[in-house]
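**Q** All chains, full assembly: derive it from the sequences and hints.
Each chain, letter by letter, is given below.
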Amino acid sequence: MNIIYVLIPLSIILMVLAIAFFFWAVRNDQFDDLDTPALDILDEDEADSKPDSTDPDSKQG
Amino acid sequence: MTQTDRHEHGGCWHCGEAIPAGVEIQADIGGRARAMCCHGCQTVATLIDSAGLTRYYDFRDALPERPEGAAEASARDFLAWDRPAVREHYGHADCDGLLRLSLVLENVHCAACAWLIQRFVGSLDGVAELRVDVADGRAHLRFDSERTPLSEIAARLATLGYRPHLDSPEAGVARNQSERRQMLKYIVVAGLGMMQVMSFALSKYIGAWQGLDAQTERFFVLISMVVAVPVCLYAGQIFYTSAWRTLRQGRMGMDVPVAAAMLLALFSSVFITLFGQGDVYFDSVVMFIFFLLLGRYAVLVARQNAGQLQSALARSLPVQARRLTEGGSEMVALIELAAGDRLQVSAGETVPADGVIESGTVMVDESLLSGESIPRRRSAGERVLAGSLVRDGQMTLAIENLGQATVLSGIVRLLDQARTFKPRMARMADHLASWFVAFVLTGAAVAGMVWWQIDPSRSLPVVLAVLVVSCPCALALGTPVALAAAARGFARLGVLISRPDTLELLPKISHVVLDKTGTLTRPDMRVAEVRVVDGIDDDRARLLAGRLERVSRHPVATAFARFDDGAAIDQAEVVTAAGVAGRQHGVDYRLGKPAFVAEWLGEVPVEPGDGQWIALASRAQLLAWFRVDSPLRDGAHELIAELKAAGLTVWLASGDRSENVDAVARELGIEHTRAACSPADKLELVRSLQAAGKRVAMVGDGINDAPVLAGADVSLALSEGADIARTQADLVITGKDLSRVSAAFGLAPRVRRIVRQNLAWAFSYNITALPFAAAGFVPPWLAAIGMSASSLLVVLNGQRLARQQRPRKTATGAHPIEPMPSRPAAST
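So the sequence lines, in the order shown, correspond to chains A and B. Here the first sequence is numbered in this note's numbering, starting from 71 and rising by one per residue. Here the second sequence is numbered in this note's numbering, starting from 56 and rising by one per residue.
Hints were generated in silico from the structure; no laboratory data involved. By construction, the Cβ of each residue, glycine as well, lies at the ideal position given by its N, Cα and C atoms. Treat the hints loosely; a few may be bogus.
Derived DEER-like restraints, expressed as beta-carbon distance ranges [said to hold, decoys possible]:
#, chain 1, residue 1, chain 2, residue 2, range
1, A, ASP102, B, SER743, 43 to 51 angstroms
2, A, LEU104, B, GLN292, 19 to 27 angstroms
3, A, TYR75, B, VAL325, 17 to 25 angstroms
**A** This is how it looks when you write it as structure tokens:
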């Protein structure tokens with residue numbers, strides 16, 4: 071059972087890291103737009119639709 | 056005259072409006088011809104198709120507004136936005152030398168709008184980033200103004216129908232955003248903390264069963280404390296500060312028992328952990344905070360989405376002005392103007408500032424300010440006001456007052472004052488809540504003291520259970536959650552709600568005051584009757600009138616626009632405040648007021664009947680009469696009939712002349728009318744009805760109605776009207792169909808029913824649970840679960856209002872706002 075004295079503090083450290091990561095994400099606008107990203111995935115023929123694109127997104131497609 | 060037939064097929068492919076009879080416009084969308092209601096829709100739809108973005112039609116779940124004006128917006132309309140003053144005032148350069156700037160967009164309804172804007176405008180050269188916030192209709196841009204000027208971006212947005220406005224750097228938006236972000240942080244901290252603490256608590260409970268040694272148990276308690284204390288102190292902040300704030304003002308807020316329960320449970324648990332014996336409640340406290348935060352977040356988002364008071368003033372002013380300089384003229388942005396500047400304003404433009412005409416004669420439409428629908432003549436030496444539209448002519452204007460000093464902005468302020476009168480309901484709820492809170496606190500104290508006598512070790516759990524179980528959050532959530540859901544349901548109906556709490560009032564309304572111009576009638580005019588006098592037949596008279604009126608921008612000209620076949624007219628000219636003149640096949644014609652043709656005929660011809668008559672004449676003789684009027688909107692008859700059937704008293708109040716008002720009232724069967732009302736008169740009417748104990752709903756549009764709208768118990772505005780009314784009314788009816796007004800009245804009782812169910816449940820739950828908790832039957836963890844379950848139930852019940860609305864629409868015969876039939880993605 072002694073292992074819990076190591077594992078539980080470890081889990082707390084992980085939690086603190088998770089919170090820190092989340093705060094960072096919030097600060098970097100990741101949670102400001104929750105509506106449009108859902109539509110991006112539906113956009114299959116992106117290459118056709120943006121011939122003159124400079125948007126970095128299109129380079130993936 | 057054929058009326059529009061709104062029951063005809065599915066309506067416009069783009070905007071969903073009914074297609075007027077006789078209009079046969081089509082656009083090729085995704086390889087198939089689709090019917091369009093107007094050239095504006097055709098332009099936008101073709102544009103979307105040619106950019107390969109037809110999937111917009113699959114994605115959208117709200118219909119767009121019908122684009123105003125068929126012409127594509129050009130960068131010239133926004134030229135002044137490229138000036139350095141605009142860049143400095145509204146934007147700021149970031150480290151890459153790119154310009155950051157926000158625009159407020161009109162008509163952004165759903166995620167599909169944001170998607171369309173991002174694809175269409177985001178693909179412009181030099182646009183590094185474009186983010187559209189659907190909730191508040193703002194576009195956040197980061198772009199290279201050397202490669203793509205702002206004017207071009209603005210023109211693209213306007214062409215799509217999302218007219219942009221410069222966003223004055225205001226604190227409100229940033230505050231909303233930081234509030235939302237802060238709440239998210241609290242929730243995640245509380246959520247993660249809850250998982251941890253619950254797992255420790257669970258291990259401890261299971262361990263107690265299986266025989267956990269004392270040292271390990273102590274470890275679990277200590278580690279719970281280490282996690283719970285910072286989590287509670289951080290994530291519970293809003294409750295502590297809010298409770299402290301109300302206490303300091305000598306009041307009892309909802310948050311007082313909440314904060315008391317949290318802090319009491321937390322610190323007593325810490326005390327027990329460090330010095331004493333007994334149960335600890337770290338898990339209950341963290342769970343309590345987490346669930347409360349979830350509820351608060353839902354309310355916060357609903358409130359922020361509902362109450363966007365966008366810069367109303369900026370929206371009713373033009374984007375740029377032509378300033379006269381010594382050498383000529385230049386287009387400048389409004390922020391560059393100063394008192395004393397001289398401006399040139401021409402037909403079709405909006406006056407940007409209050410001022411005096413130096414030269415020129417114009418017809419100005421001041422319907423935004425006074426409600427008078429007929430343009431007035433203004434000439435040198437007279438004043439014109441910001442926000443009025445120049446229909447005809449051209450003038451040089453010397454600026455007297457700008458921005459906040461204008462009459463327009465005075466009206467906006469009047470409006471703000473009227474709004475502050477309103478929240479009677481809110482005050483009452485607060486008042487009740489403070490009594491309830493005082494009752495709960497006393498109850499908890501009494502229960503604690505009684506138990507101290509019986510069994511001191513059970514005193515604390517009982518106090519906590521009482522505080523937690525009677526948490527008035529279900530009571531507090533019941534109404535806002537239902538109203539927020541109702542707002543979403545109404546939005547699908549084409550009714551936007553900016554102040555959800557007014558939905559509660561809607562079923563109690565006894566009187567409805569309707570505005571005429573632009574509300575019951577359409578803003579454009581039509582030819583109602585043609586009377587041929589001599590030497591010409593009906594069709595030729597119409598054709599000739601259509602050709603002659605082509606040059607005019609007067610509202611009357613809209614009545615004739617459909618007869619214009621495009622044939623050439625020589626020497627066409629507009630005679631301000633009189634009519635139009637032109638020559639065809641060697642014959643001179645005049646079309647206009649009787650007095651105007653009288654100059655040729657030598658005598659003023661007698662109008663053949665009531666109403667507004669336009670005369671057509673050659674030099675030799677009078678040819679024909681046209682009676683023009685503003686047609687009633689679709690659904691006007693049904694609206695009045697349904698309102699009367701619902702037992703409501705209908706008033707018609709208008710700034711228009713009494714013969715026009717009476718004619719409309721007669722046609723619709725409205726008994727109570729008041730004509731020639733100034734905004735103050737209308738407000739007086741509403742106030743006198745209210746003083747007689749009636750609850751009054753006002754349906755109107757235009758800024759002149761805005762103070763009245765704010766003074767009424769419930770206000771409804773039609774979005775086709777001036778934008779300012781859109782943001783100020785409680786309920787905004789989109790589109791042009793008045794049947795949505797009656798739909799709103801029809802649905803409101805359902806909202807009230809659900810709100811009542813919620814309140815009844817929350818109240819009876821609290822009342823029944825309280826004695827059990829005080830009697831010691833409810834441990835604190837069960838109280839926390841019960842409280843959360845009660846809140847959840849209330850939230851789920853409220854959500855029902857967001858659904859089940861669609862079938863109603865067909866019942867009211869109204870609207871093709873149903874989701875577009877899904878179609879194959881056959882764009883290529």
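**Q** Would you mind marking each hint as holding or not holding in the structure?
**A** Quick rundown of the hints versus the structure:
1. A/ASP102 - B/SER743: 43 to 51 angstroms: Holds, at about 47 angstroms.
2. A/LEU104 - B/GLN292: 19 to 27 angstroms: Since A/LEU104 and B/GLN292 have Cβ atoms about 24 angstroms apart, the given range 19 to 27 angstroms holds.
3. A/TYR75 - B/VAL325: 17 to 25 angstroms: 21 angstroms Cβ-Cβ, so the 17 to 25 angstroms window holds.
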